[in-house]
Amino acid sequence: MRRPHPGLLVLGAILLVLPLLLPNAFYFDIVNRMAINAIVVLGLNLLIGFAGQISLGHAGFFGIGAYASAILPTHYGWPPVAAMGAGAAGAALLASVIAPPIFRLSGHYLAMATLGLGVVISIVLKNETAFTGGPDGMPVPPLSLFGLEIFGERQWYGLFAPVLLFSVWACQNLIDSPFGRALRALHGSEVASQVVGVDVARYKVAVFVLSAFIASIMGSLTAHYVGFVTPNVADFLHSIELVTMVVVGGMASVYGSVVGAVLLTALPQALATFEGWETVVFGAVLMLSMIFMPKGLVPTLAARLGKGR
Amino acid sequence: MARLEVRNLTKAFGGVLAVEDVSFTVETGIVYSVIGPNGAGKTTLFNLITGLLAPSVGEVRLDDQVVTGLAPHQLAAKGMARTFQNLQICMNMTAVENVMVGGHLSVDRNLFRSMLHFPSLRRADVVLRDRATELMAYVGLDAYLQSEASAMPYGALKRLEIARALAAKPRILFLDEPAAGLNPRETAEIDRLIRKIADGGVTVVLVEHDMKMVMNISDRILVLNSGKKLTEGSASEVRGNPDVIAAYLGKAA
Ligand SMILES: Nc1ncnc2c1ncn2[C@@H]1O[C@H](COP(=O)(O)OP(=O)(O)OP(=O)(O)O)[C@@H](O)[C@H]1O
Ligand SMILES: [Mg+2]
Chain E
1 MRRPHPGLLV LGAILLVLPL LLPNAFYFDI VNRMAINAIV VLGLNLLIGF
51 AGQISLGHAG FFGIGAYASA ILPTHYGWPP VAAMGAGAAG AALLASVIAP
101 PIFRLSGHYL AMATLGLGVV ISIVLKNETA FTGGPDGMPV PPLSLFGLEI
151 FGERQWYGLF APVLLFSVWA CQNLIDSPFG RALRALHGSE VASQVVGVDV
201 ARYKVAVFVL SAFIASIMGS LTAHYVGFVT PNVADFLHSI ELVTMVVVGG
251 MASVYGSVVG AVLLTALPQA LATFEGWETV VFGAVLMLSM IFMPKGLVPT
301 LAARLGKGR
Chain R
1 MARLEVRNLT KAFGGVLAVE DVSFTVETGI VYSVIGPNGA GKTTLFNLIT
51 GLLAPSVGEV RLDDQVVTGL APHQLAAKGM ARTFQNLQIC MNMTAVENVM
101 VGGHLSVDRN LFRSMLHFPS LRRADVVLRD RATELMAYVG LDAYLQSEAS
151 AMPYGALKRL EIARALAAKP RILFLDEPAA GLNPRETAEI DRLIRKIADG
201 GVTVVLVEHD MKMVMNISDR ILVLNSGKKL TEGSASEVRG NPDVIAAYLG
251 KAA
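In order, the protein sequence lines correspond to chains E and R. With my numbering, the residue at position 141 of the first sequence is 141, and numbering never jumps. With my numbering, the residue at position 116 of the second sequence is 116, and numbering never jumps.
Just so you know, the hints here were simulated from the structure itself, not pulled from any lab data. What you were told as hints is all true, and nothing was included just to trick you.
Derived CB-CB ranges, DEER-like:
(1) R:ARG185 - E:LEU237: 56 to 66 Å
(2) R:MET211 - E:ALA303: 42 to 52 Å
(3) R:ALA54 - E:PHE228: 45 to 55 Å
(4) R:ASN110 - E:PRO6: 23 to 33 Å
(5) E:ALA130 - R:VAL57: 56 to 66 Å
(6) R:ASN110 - E:VAL163: 16 to 26 Å
(7) R:LEU105 - E:ALA266: 38 to 48 Å
(8) E:LEU237 - R:LEU111: 22 to 32 Å
(9) E:PRO100 - R:ARG185: 41 to 51 Å
Backbone N, C-alpha and C define an ideal beta-carbon position, used for all residues, glycine too.
Can you make the complete structure from the sequences, with help from the hints?
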């Protein structure tokens with residue numbers, strides 16, 4: 001229904017006040033990682049939650065962006081912003097080339113195909129040692145915007161916070177538009193969507209490309225932010241983390257994407273003592289939330305509260 | 001002028017001919033019914049015409065233009081709309097949104113203008129929402145304007161499908177058993193609704209098992225049996241045809 005976007009005001013207020021509350025760079029860093037994940041998950045949720053398609057290889061696109069921002073400036077002297085654009089264009093192009101055959105599949109086959117895609121990207125990054133530094137990774141030069149180098153967790157927060165706010169706003173606009181309605185409709189019934197004029201294949205490809213593009217941009221920003229990339233950013237575990245955030249926060253929920261990203265970014269910090277076992281905990285969280293809260297946190301809570309309206 | 005011409009349409013599923021060499025013409029502005037026993041090929045015929053299935057042989061013309069082999073969304077753009085025998089409702093959306101999807105082709109669907117909340121796009125979308133609301137009233141669903149589709153009873157969903165199809169502003173509307181599973185009162189309402197739609201100038205092609213309704217409402221009737229055209233004619237012609245009676249009694253026995 002019509003949403004006057006009160007959530008956006010709340011999120012904006014939180015993002016504005018947070019810098020006053022965060023005691024040190026360590027906490028800024030955690031919040032920055034939450035924002036990075038939230039933005040990627042917003043894009044992924046368009047694909048998984050709203051359009052009802054699955055991707056188990058999205059970290060691959062994140063990796064393409066990250067390595068474009070590492071390789072092009074380092075080996076070829078590209079300006080970082082151009083490298084970021086090239087990475088995103090490359091990720092979008094790759095997504096648009098492989099999406100048509102992939103989306104002829106559905107269910108388990110689609111999951112397998114996207115998983116394979118992610119694995120291939122991650123293997124390439126590991127093996128092209130001359131360019132990528134192989135499994136050891138490689139350093140990434142800093143990012144300058146308008147001639148100013150972004151330096152330190154606080155300044156990066158100043159970039160990530162508005163980008164997150166913009167992403168939430170844009171996603172909400174999208175799902176409440178004819179384009180977004182078509183995405184949700186093809187999730188609900190493909191044949192019904194087709195016969196009212198929705199070119200189902202085109203919409204699936206478009207949302208896949210969009211989510212790949214977002215992942216790549218965030219991969220680039222993350223690479224500059226951290227100053228170093230390793231092939232881990234593109235690997236299967238990272239893809240699973242992203243999907244877990246979608247599922248736990250809530251499929252087809254914009255704020256669910258943010259909440260899922262925040263919770264599951266905080267979780268490893270809280271579990272620091274379980275070093276090495278984070279993956280197991282992620283798996284357990286995914287399983288438990290599928291069993292007890294299949295719609296995810298935010299939609300479940302919204303339904304509870306909505307009953308009182 | 002003929003709105004729809006179907007020539008020698010044939011569909012084989014493996015060795016089975018679900019539709020076999022069926023030809024007929026639907027004049028503009030009429031109610032044209034397709035009847036036949038269960039498994040006669042009525043739904044398959046609809047699927048072939050609306051592009052969900054590709055015919056093995058044959059041709060479909062819409063307003064004298066060959067449209068065989070076009071995808072469903074392309075046919076929608078040319079003015080075809082339909083409902084489904086087994087409901088195809090988007091249960092993840094509200095009732096109004098389901099109808100709004102029907103107007104998909106009439107609004108701006110650009111990705112970037114959508115994300116950036118372009119005022120022109122928003123205005124068109126508000127107009128679409130208003131039209132969807134009117135259409136819900138038109139099919140008698142005023143009570144469900146605030147409903148999630150998943151919270152609506154079966155009979156209301158049957159009408160929601162009709163509202164969605166109408167939102168596409170079709171030239172020809174295919175209704176596959178719109179009264180199936182409805183009680184006599186609801187069936188009478190659907191009967192009235194179809195008349196109203198036809199009076200509004202939309203050509204209607206109807207598949208329905210309720211013979212009282214079919215005989216009342218149809219300008220012409222096509223009878224299918226085992227995928228083949230048995231006969232075609234006005235209600236009285238069809239009713240008096242011994243082959244038709246035999247086909248129905250034969251199946252019932
Ligand atoms: N996708 C398919 N694959 C194989 N056979 C099919 C398929 N769709 C329909 N059939 C077969 O084609 C024949 C015609 O089916 P269809 O659904 O068109 O009949 P119908 O006239 O709509 O029947 P009903 O009145 O029960 O709705 C049936 O024998 C059915 O089993
Ligand atoms: Mg049927």
